[in-house]
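Chains as they are written, first to last, in the working numbering: chain A, 1 to 87; chain B, 1001 to 1158.
These aren't lab readings, by the way, just hints derived from the structure by calculation. One or more hints might be untrue.
[Unchecked claim] Short derived list, chain A residues pointing at chain B, Cβ under 8 Å:
#1 7
#2 8
#3 12
#4 14
#5 47
#6 61
#7 69
#8 83
#9 86
#10 87
Every residue gets a Cβ at the ideal spot worked out from N, C-alpha and C, and that includes glycine.
Chain by chain, the residues:
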Amino acid sequence: MSQARQITVRYFASIREAVGLGQEQLTTTALTGGDVREVLIARGGAYADSLARQRAVRVALNQVMANEADALPEGAELAFFPPVTGG
Amino acid sequence: MQARVSIQTADFDLGEEIQALRLGDKRVGAVCTFVGTVRDSNDGLSVSTLELEHYPGMTEKAIEAMIDEACQRFELFGVRVVHRVGVLHPLDQVVLVAVTSAHRGVSFQACEFLMDYLKTQAPFWKKEQTPEGARWVDARVSDDAALAKWGIEARNAV
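With the rest of the complex left out, here is chain B (with noise of 0.2 Å):
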């Protein structure tokens, strides 16, 4: 069985991704994906690069304790989370979630759920090169209140 979470330097291929989450499971009905990308700008400045750290270890223990938490609370036959670090460029792909289920409604959510999740609890930090230097990416509040539609206090932001 495919490992459920990669941490890696190298890029990822959505299609070939989707084929080895969808691999001979009839039960699928739907597969939902989300990539994030590298934007041009953030807060009023450009990008030139982000830079991606983590903490080795934690970061997937993490990352498996929320897919874990999504297989309790919604009906999911594969989870796929694939996350960049290092230098990265615009244009490039930092992170993929996929998930499969039998509907449509389930994968939408539990696609959403993992996002939200990983955006205030995975160990995650980013730093971006703009003209005027070099500078670590804020958190948002925005993002603990998307965790907070959930039912989970995130507190991260604050």
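Chain A on its own, in the form it takes in the complex (with noise of 0.2 Å):
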């Protein structure tokens, strides 16, 4: 059993829309985003929805686009959010 850690969570653009909140702390034993995204998508309602997997979700980790599957590390930034649509 890995040892709980704290991270912060943020969210963007719908999927802040939607949970109604821009960014919490969280303490988890994930190892990795996609662990996250499914503890998120756990909690039901809104996290649920807007996490789904057959959504597309971008995954930033310490601002910097990342991929589900990398690591967190301790202190982590974890970033969701929908394809990025600037320009």
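Put the two chains together into one complex, using the hints given.
In structure tokens:
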């Protein structure tokens, strides 16, 4: 069993709107962004809907585009957001 | 030296930006700029306002990294990117990419490269007001394809 760590989770755009907050602190044993996504989906409601596996959701780790399989460092800032549409 | 990246609610002046980028640099033989503006329609609906959200900190870092990549690929003397956020209206300027180089070919390519990169890798999101209500703009697969032609896999829209 891995040790629980504190991370910051941030949400943007349609996901932020759906879950109704921009960021939260999470104490979790999750090892990757994908693990955290599963933890959030398990909450049900807007989390399950906006982060559902059939949706295109991008992940950033410490403010760099990342893959869900990337390992979470201690104190990580993990962000979930829809595909970007700037320019 | 002028900052390379600005994320701001305020408008920008193309002439002033070009002047600052060229300032005293006698090596420059080409200045290429792209300005993106707000259209009054998208995907079959009229658009009255466009609201842009970003990820403060990450957005600036992502664009700085894109500029570094552009400078690796192309021989550039100066690069400037300005992107507006907040509520905008049709006719408003949204984004500026400006580059300077010795010759035009490189400047055209670098400008297009930076825009293709920005479209799929910089954390911005657009929400538009239409007669049918507000909606988040969908990412386009064609933007991923545009970046792919530079040999970079985007996988943003999928």
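Quick rundown of the hints versus the structure:
1. Among the interface hints, the one on residue 7 of chain A is violated; its C-beta lies about 16 Å from the nearest C-beta in chain B, farther than the 8 Å criterion.
2. For residue 8 of chain A, the interface hint is violated, the least distance from its beta-carbon to any beta-carbon of chain B being 12 Å, above 8 Å.
3. Interface restraint check for residue 12 of chain A: the shortest CB-CB distance to chain B comes to about 6 Å, inside 8 Å, so the restraint holds.
4. Because the beta carbon of residue 14 of chain A sits about 5 Å from the nearest beta carbon in chain B, less than 8 Å, this interface hint is met.
5. At a threshold of 8 Å, the smallest CB-CB gap from residue 47 of chain A to chain B is about 18 Å, leaving the interface hint violated.
6. With its C-beta approaching chain B no nearer than about 10 Å, residue 61 of chain A sits outside the 8 Å limit, and its interface hint is violated.
7. Using the Cβ-Cβ criterion of 8 Å, the hint placing residue 69 of chain A at the interface with chain B is not satisfied: the shortest such distance is roughly 14 Å.
8. The beta carbon of residue 83 of chain A is positioned within 8 Å of a beta carbon in chain B (closest approach about 3 Å), and the interface hint is therefore held.
9. Annotation: interface hint on residue 86 of chain A holds; nearest CB of chain B at approximately 3 Å, less than 8 Å.
10. With a cut of 8 Å, the hint placing residue 87 of chain A at the interface with chain B holds, because the nearest CB-to-CB distance is about 4 Å.
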